[in-house]
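> As given, the protein sequences belong to chains E and B, one line each in that order.
The first sequence lines up with residues 23 to 449 when you count with the working numbering.
The second sequence lines up with residues 748 to 859 when you count with the working numbering.
Any given hint might turn out to be false.
In silico lysine-lysine, DSBU-like type, Cα no more than 35 Å apart, as pairs [claimed, not checked]:
(1) 756(B) / 781(B)
(2) 359(E) / 781(B)
(3) 231(E) / 781(B)
(4) 781(B) / 837(B)
(5) 357(E) / 837(B)
(6) 359(E) / 308(E)
(7) 781(B) / 749(B)
(8) 308(E) / 749(B)
Don't read these hints as lab results, they were simulated from the structure.
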Amino acid sequence: MEDHAQLAGRVTELAYALDTFYFLVTGAMVMWMAAGFSMLESGLVRAKNTAEILTKNVGLYSIACIVYMLSGYSVMYPGAFEGGVFQSLSSLGTGLLASTDHGVADVLGSGGETYYSSLADFFFQVVFAATAMSIVSGAVAERMKLWSFFLFAVIMVGFIYPVQGFWKWGGGFLDAAGFQDFAGSGVVHLCGATAAFAGVLLLGPRVGKYGPDGQINAIPGCNLPLATLGTLILWLGWFGFNGGSELKISDVGEANAVARVFVNTNMAASGGLVAALALARLWFGKADLTMALNGALAGLVAITAEPLAPTPLAATLIGAGGGLLVVASIVTLDKLKIDDPVGAISVHGVAGIWGLLAVPLSNEDATLTAQLLGTGSIILWVFLASGLAWLALRHTIGLRVSEQQEYAGVDLGECGLEAYPEFTRAD
Amino acid sequence: MKLIIAIIKPFKLDDVREALSNVGVQGITVTEVKGFGRQRGHTELYRGAEYVVDFLPKSKIELAVADEDADRVIEAILEAARTGQVGDGKIFVTDLEHVIRIRTGETGAMAI
Chain E
23 MEDHAQLAGR VTELAYALDT FYFLVTGAMV MWMAAGFSML ESGLVRAKNT
73 AEILTKNVGL YSIACIVYML SGYSVMYPGA FEGGVFQSLS SLGTGLLAST
123 DHGVADVLGS GGETYYSSLA DFFFQVVFAA TAMSIVSGAV AERMKLWSFF
173 LFAVIMVGFI YPVQGFWKWG GGFLDAAGFQ DFAGSGVVHL CGATAAFAGV
223 LLLGPRVGKY GPDGQINAIP GCNLPLATLG TLILWLGWFG FNGGSELKIS
273 DVGEANAVAR VFVNTNMAAS GGLVAALALA RLWFGKADLT MALNGALAGL
323 VAITAEPLAP TPLAATLIGA GGGLLVVASI VTLDKLKIDD PVGAISVHGV
373 AGIWGLLAVP LSNEDATLTA QLLGTGSIIL WVFLASGLAW LALRHTIGLR
423 VSEQQEYAGV DLGECGLEAY PEFTRAD
Chain B
748 MKLIIAIIKP FKLDDVREAL SNVGVQGITV TEVKGFGRQR GHTELYRGAE
798 YVVDFLPKSK IELAVADEDA DRVIEAILEA ARTGQVGDGK IFVTDLEHVI
848 RIRTGETGAM AI
């Protein structure tokens, strides 16, 4: 018969294991969002540009993981490392890999403070960094040089993203000011969208997208089943994105919170989709599938700032707000001649801002002032820093493929192969 | 010999194929093409932007026939491919100088 202390120890260890497992599984679900982005984007570009955007997606994910390990993680959480902000870089990430994880004695003696594996923490964080970077790939699709994009990914994940991540989650000034961002409407989505926005301004629209008399020419995506699949994969992954951000599941309170986060996440996506679909029907006379898909994602982005506090009905309405805004934003950006083939800036930026500013509606600890501070700081920092990075790339290796390459399709120019070689080309 | 080229509505392809079989045609070539005649295109809407689709998908059938069979074959295609709606297509008939079967080297009527 074990004595009381031994039994208590075992329960604590079990809770540690459960919380660690929870981080790992939700982190894996967020990793799976990379498949969502890949399918969504490849469905919304033309066939001749499909292989390149897939290469961009798998490449950026991998580059993000490596760069975050080498540099980003310690920039974002310098408090966790001796040796300060660039500790990780100076040891080439071996500090992270070589450090021993928490021992049983440490866990039991920590009074509940040390409750999950430190490598699980890195795993959960690295997939978020990759998600933020992934947002950029759709907006610059069909005309950006692949390797310029990859170089930007290094700068973004190594430095730009972690700095503003630190401000909120690493214990920086935004956190101290009371800025609320549960899972990253600002830190991840608005950040990615702002970097995309800066990039698109410096890149220019696709050839033939805007006519000389102000016409907006449609460039339809080549595979709507893939786009739909991608959206549903992202939807599923988002349960990990928001659910995991509760950061704990191993007691009644936390488990209930996680359940509420899952429900609210789902309701927001549903609200966003229905709202976008309805608005598209009313405005354009047709039920545009691509708007519906963007609507669901906008709903998800909007609730990401605060998926715990609202009631499920409120979450549905917050998502619906995102859905309405995203349709209006997509049309507006086109009118401003800002070419975003997949709607990334609208989905992740505009809906992200809405999500951040809607937090005070359900969370008493949030103030509009603090939310505005956070929103503004993220936009300002990311726009300037990434704008500089894009500019530097433009003046060195160049950002854009040649017009000839754009006509032939970036698959041939950048990847040397085609995504659908057996199908006759439509254009 | 004649080379008959028929541009038809894609959903009529199976009907035309069957009709040709029934009049004794043993081989045809089919290509997917785009085009328009008097049938105008239509407007579509993508993310709020209108665009005109001028070219409509059609199927092109090519087959070689002996002179004496030409009329029968043309009649079969007409019956099978006609819907009465604009956009039914056209049949072109040209003279065919030579036909050679690649496998055996047979020429002329033997090769059709």
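> Run every hint past the structure and note whether it holds.
So, going through the hints one by one against the coordinates:
1. Between residue 756(B) and residue 781(B) the CA atoms are separated by roughly 10 Å; this keeps the pair inside 35 Å, and the hint holds.
2. Distance check on the hinted pair: residue 359(E) and residue 781(B) sit about 31 Å apart at the alpha-carbon level, within 35 Å; holds.
3. About 23 Å separates the Cα atoms of residue 231(E) and residue 781(B), which keeps this hinted pair within 35 Å; it holds.
4. For the hint linking residue 781(B) to residue 837(B), the alpha-carbon distance of about 13 Å falls within 35 Å, and the restraint holds.
5. Of the supplied pair hints, the one linking residue 357(E) and residue 837(B) is violated, its CA atoms being roughly 42 Å apart against a limit of 35 Å.
6. Restraint check for residue 359(E) and residue 308(E): satisfied, since their Cα atoms lie roughly 23 Å apart, inside the 35 Å limit.
7. Using a Cα cut-off of 35 Å, the hinted pair residue 781(B) and residue 749(B) holds, with the two alpha carbons roughly 24 Å apart.
8. Restraint check for residue 308(E) and residue 749(B): the C-alpha separation of about 48 Å exceeds 35 Å, so the hint is violated.
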